[in-house]
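> Throw the hints in and build the complete structure from the sequences for me.
Read off the chains here:
There are 4 protein chains.
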Amino acid sequence: MRTARVFRLSMAHPGDLSELDGLIVSGTIKAADVAAIIGKTEGNGGVNDFTRGYFTQTLMALLSKHLGRPAAELVREVPCVLSGGTEGVMSPHYSVFCVSEGEAAKRYPSALAIGTAFSAPVPAEDVGRSAHVESVAATVRAAILGAGIERAEDVHFVQVKCPCVTVARAAAAIAAGKTPLTSDPNKSMAFARAAGAFGVALGLSEIKPDDFTDASLLADFAIQSPRASISSGVEVESNEVVVLGNSPNWAGDLRIAHRPMSDALDIGGVVDVLADLGFAASPQVSAADATRISSVLVKCEPDRRGRIRGHRHTMLDDTDINAQRHIRGAVAGLVAGVIGDGRIFVSGGAEHQGPDGGGLIAVIASQEGAG
Amino acid sequence: MRTARVFRLSMAHPGDLSELDGLIVSGTIKAADVAAIIGKTEGNGGVNDFTRGYFTQTLMALLSKHLGRPAAELVREVPCVLSGGTEGVMSPHYSVFCVSEGEAAKRYPSALAIGTAFSAPVPAEDVGRSAHVESVAATVRAAILGAGIERAEDVHFVQVKCPCVTVARAAAAIAAGKTPLTSDPNKSMAFARAAGAFGVALGLSEIKPDDFTDASLLADFAIQSPRASISSGVEVESNEVVVLGNSPNWAGDLRIAHRPMSDALDIGGVVDVLADLGFAASPQVSAADATRISSVLVKCEPDRRGRIRGHRHTMLDDTDINAQRHIRGAVAGLVAGVIGDGRIFVSGGAEHQGPDGGGLIAVIASQEGAG
Amino acid sequence: MRTARVFRLSMAHPGDLSELDGLIVSGTIKAADVAAIIGKTEGNGGVNDFTRGYFTQTLMALLSKHLGRPAAELVREVPCVLSGGTEGVMSPHYSVFCVSEGEAAKRYPSALAIGTAFSAPVPAEDVGRSAHVESVAATVRAAILGAGIERAEDVHFVQVKCPCVTVARAAAAIAAGKTPLTSDPNKSMAFARAAGAFGVALGLSEIKPDDFTDASLLADFAIQSPRASISSGVEVESNEVVVLGNSPNWAGDLRIAHRPMSDALDIGGVVDVLADLGFAASPQVSAADATRISSVLVKCEPDRRGRIRGHRHTMLDDTDINAQRHIRGAVAGLVAGVIGDGRIFVSGGAEHQGPDGGGLIAVIASQEGAG
Amino acid sequence: MRTARVFRLSMAHPGDLSELDGLIVSGTIKAADVAAIIGKTEGNGGVNDFTRGYFTQTLMALLSKHLGRPAAELVREVPCVLSGGTEGVMSPHYSVFCVSEGEAAKRYPSALAIGTAFSAPVPAEDVGRSAHVESVAATVRAAILGAGIERAEDVHFVQVKCPCVTVARAAAAIAAGKTPLTSDPNKSMAFARAAGAFGVALGLSEIKPDDFTDASLLADFAIQSPRASISSGVEVESNEVVVLGNSPNWAGDLRIAHRPMSDALDIGGVVDVLADLGFAASPQVSAADATRISSVLVKCEPDRRGRIRGHRHTMLDDTDINAQRHIRGAVAGLVAGVIGDGRIFVSGGAEHQGPDGGGLIAVIASQEGAG
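Protein chains in written order, with our numbering: chain A, 969 to 1339; chain B, 969 to 1339; chain C, 969 to 1339; chain D, 969 to 1339.
There may be inaccurate statements among the hints.
Copies of the same chain look alike in the list, so a pair counts if it works inside one copy or between any two.
Only pairs whose alpha carbons sit at most 20 Å apart, straight line, appear in this in silico SDA-like list of lysine to any residue [as the list claims (entries may be wrong)]: (1) LYS1146 <-> ALA1190; (2) LYS1074 <-> GLU987; (3) LYS1155 <-> ASP1271; (4) LYS1074 <-> ASP1221; (5) LYS1176 <-> ASP989; (6) LYS1146 <-> ALA1088; (7) LYS1155 <-> LEU1284; (8) LYS1155 <-> ALA1187; (9) LYS1033 <-> SER986; (10) LYS1155 <-> LEU1186; (11) LYS1155 <-> ALA1291; (12) LYS1033 <-> ALA1000.
None of these hints come from the bench; they were simulated from the model. Since the model is a prediction, treat every value here as computed from it, not as a measurement.
Structure representation (structure tokens):
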């Protein structure tokens, strides 16, 4: 029986993995058990945010050192999902998801289960289209299978890192007689995130194959999954998937829950997901209870219609601060206030990931001492 | 008997006062009743934020047109306090504080009272020193007297706009044989805000004259007032004060309450001030109840020690986004989430205004239908 | 015989027109002679740059005061073209273009001529299309005619302010059965600038009506005019045109010249336009000669292919600083270095205005004492 | 006889050293010959610029791989000086300074000489004081000696990386009964840069020990060295020095020259340094000649008095863009325009490094084919 553990660690800068190194050296974590990393680095979260690459390089070198295997291999086996931007009260940190075999006796009917999977490379002409959606869906199903989660409703959070088109990849595809959706990396990234969200919805059977066409992506915002968290980047060529859910087949004391957030002011969604895990936030989780929480994962989006509950916001027209930085800071302020802790993962670019103009929240917490 | 009314109005841009114009034209507001304005404009909140000047120019031209009096006079009679920066979920808006005589029958034992006062010009060599503190304190006392608020504990919010030293003013003072604290406008602004906060604390008898010296400003952060909200700017030469409190001598249905905020995650302070006014926020004020709220005023500050509840924040070291923009966005996200409305005044630069690393919140709401 | 004069004035902030006020009060400038203003204000140059509106409001109030006419009328008669963003060494300033009748004896064979014209409002469905191009072309021709410039080659700079579509205008057009090019104001602004540039090229007979179709705008960058300087904004509904050229029909000592700039490093273009006016810049215009210069007008653009002379630039992928701010700062550094003065107008958004990836420069200088 | 070579290489991102790797693999560069690196990475250049750490980690891992020595050792032997921020037309690049023994026949009377040296760690209480100045001076002299440069006037550029105080280092010093100048890292960095500049001036005998006291740093701006380029950072504990000059004791075809820049518009300084090396820039170095240039090194500063040649600049009051980013972009625009190439090193924070409000420029070029 497998056991999932999650370590939420702090960093002094994006190249500082000394806390993880210490835990490996002390034997608390076996390097081979590290299944995935999800973290927030203190960059700007945009195309020119190199804190993600810096962290990833440092992580892979660290694992390589401890495992005696090439970093170039590890980067294709261990998903390292980073969101840049610790606006406002957010604190730079990373959650290390570990899976160990046969260590712990089973104490709860169901416990956190982790599955990871990598797809084949996505051809440039498929990115952001139905073929991309299907590739993600198949990879999600593979990760669920690997995690031993038997029911789709037990999946609570699916993180996907999708490839996008670069100018070079697009040019190569065109030269080969193919027709990529776009040659613009920024547009491609948005379509790739949409394909990822559709793929999660499809993989979880929230939608069916004939519920959408290519034209639905970034257009039909009624199609969304409140369990999909998607990032896209030029640094990957295949879809990388981390599935988090609960399963009777896993030992361990952790449990995950999720809720959609209807808009950036939806404190109700935050309180509800905490209640699902036995926390009272009235108005804040107590410091004692908060130690049970090992990960908080949030997606959000500046409402593209320019208003929140009828009142104009200024995020989309700000030439000085990127709209995603605005919304991350605001939603993190809200979620951190309810939880009493700034070590939360709040990521933007939430197209089709939760309700339009809103997003989603997932929390992982220990069942030990839960109310 | 006087009646205070507050109109919270939206704007399409910093030069748009069409909503106020409409209310004056329709007779809802008499231009002569406008006693003060407190608002949020969509600038950056820094030295080069001209949205405040643009709004003020437009306001004074509007009042001038309706009153037939020169704008240059009105600007010295009607405090117009603007905080730039509508980061995240904040919506650009302004609250118009109106005072009318003998209009309404008294329905509540105590109601919102408004007082305003202007000091004599503050000499450059006094700015940020004890003489400045005393000038503010005297102006605060004058405003309280004018408002007919009999007990210091009935004052809940004191907004002060303090002059600071400009390079030119400092040079003139030096030429006259005086010794200004600094010739640097930015440093001067911080000391001026400190003097304003000390002045409010002194004017409200929260501290005594011998509790501090010149050296206490920006140094002894144990000295603070949870009712002081201070801004400083080159555009004023005297201290401008708006006192908001409750008084049995006023008719009207509004009431004000305030609470300190211990840090940027202090959702408890937000919920408590709402409870003081009869609101349940569990977790959010209902949309129906929220219509009773006519103004939300918040001061906050990025913790200058670099940590919030033990975890590192990155606001102070960010070369891309000013620290005050970060903290405003985060705290506004929290407060707007509890209230369900982005039309809130959240202002940074909260030295000595509420607990160190935190700030304060004041809310004005109708007593009609209060729980 | 008309005389054109240009006063380059400084400002302490975007609402400061005290220098112009002083010149009107002293009689140096007659308010009725003010034909157009072109200036740089210290905003960010983006959608949320309100320094332009602040300046315009202040200017129109000033002219209204001196002329005894409503500001609302003047704003439709006197083009006030502002570019936000004084990055780097640029100094906030504005050039006042004055036209007076019969004052001066003719001393030079040809002198600066100024023409202005306003088109009818551009319907939302026309913005960024051929009909828009034709409207601009006709307005340009009207301004040339008004200026009494007889030969197209004597026109050296055509400033156009084009309307763009707002969400509201687009919705109204759709409701009326029309099909606007886009409902996105930002996209619309870019297409409107393209239409303005095509319109100038057409109005100056640089291109013919059948040289382009709707599809050429923002696509065929071989079509460009090195004399077109276009801005677009939501605040105008018709095309506003200022034509600057030389004419034997004008008295006065000023003269204008222009040159294309092939890329952001094209110092040759700068030196050449100065040589056209009799200046030696070897390497810099001498301080004495520089007093002859009364206006420097530059358009530029971050190369959209991501490279300058083969080397990667990072302007287009910077999430922290807008690409237009980057390029304005760089090109202004170059031009100001050659001229020895930071009071230059450098504006971005140069699609089809000069060579692709480059732009243009125009200089106005006195012929008095020219080498 | 030693030979110095300089390779100016491009990078696709701050972790991309593939060009250097290729040159080492192909045998063009011996890894052991790499003496120092000076480069521009595409960060923001501020405290939270992690592109420098990312590049350095990648470089040291690369050298470690090729040399079979630990990266932790190499980082204390090979100075890697990076300036973040490729504003405007600058292109991310790095210059690799290589020193080889006995390879080349001597062809020129004098050639580029390179010396490097590391001081002992600087105690926290010494940072930014005379003891720090003396430590830098001694290290500069050691590097000059190592380089075999016999005359002080043959030194043209001294790059120093100085340690600064961190909160932790300051606290430890205070606990040990010492009195650091400040506990604020940002203030400490500025004083450390000043100490570095004074140290270079002292090491080059431009000033004498009794020309200054602790109080002169950041105060007496008449003291400056036009050959000092200083950076400061928390990542170093000792002073790292790279001296570049010309010496008859070196073979090779390279040569270095330098000039002060009197202000940000001093194009004359740029043209003069090029003339020193036999280049005509009239107005631009020809593309053919430009291939002879292997490194361009510039320091600059936004004039702290707020004016350039009498006209107000807005760099120091901009809340949106850091002043150093502004000035780097402007000066790089000028220098790149004269040279016709964006691969230039332009660094801010030039206190006491060249004239107040200005800075300096150094250029390295081949003597082969020089005019």
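> Hints first: check each against the structure and report whether it holds.
Each hint tested on the structure:
In the homo-oligomer, the alpha carbons of LYS1146 and ALA1190 never lie at most 20 Å apart, since the shortest distance is 30 Å inside one protomer and 27 Å across protomers. For the identical chains of this complex, LYS1074 and GLU987 are neighbours neither inside a copy (28 Å) nor across copies (53 Å), given an alpha-carbon limit of 20 Å. Taking the shortest alpha-carbon separations for LYS1155 and ASP1271, both the intra-copy value of 18 Å and the inter-copy value of 18 Å come in at or below 20 Å. Proximity of LYS1074 and ASP1221 under a CA criterion of 20 Å is satisfied intra-copy only: 8 Å inside one chain copy versus 60 Å between copies.
For a Cα distance limit of 20 Å, the shortest separation of LYS1176 from ASP989 qualifies neither inside one copy, at 44 Å, nor across copies, at 49 Å. Taking the closest pair of Cα atoms, LYS1146 and ALA1088 come within 20 Å of each other only inside a single copy of the chain (18 Å); across copies the shortest separation is 46 Å, beyond that limit. Taking identical chains as interchangeable, the C-alpha atoms of LYS1155 and LEU1284 lie at most 20 Å apart whether they share a chain (16 Å) or sit on different chains (13 Å). With identical chains, the CA atoms of LYS1155 and ALA1187 are at most 20 Å apart both within one copy (13 Å) and between copies (17 Å).
For a Cα distance limit of 20 Å, the shortest separation of LYS1033 from SER986 inside one copy, 13 Å, qualifies, whereas the shortest one across copies, 22 Å, does not. For the identical chains of this complex, LYS1155 and LEU1186 are neighbours both inside a copy (10 Å) and across copies (17 Å), given an alpha-carbon limit of 20 Å. For a Cα distance limit of 20 Å, the shortest separation of LYS1155 from ALA1291 qualifies both inside one copy, at 16 Å, and across copies, at 17 Å. In this assembly of identical chains, LYS1033 and ALA1000 lie within 20 Å of each other by CA distance solely inside one copy; the values are 11 Å within and 24 Å between copies.
The structure is inconsistent with the numbered hints 1, 2 and 5, although it conforms to all the rest.
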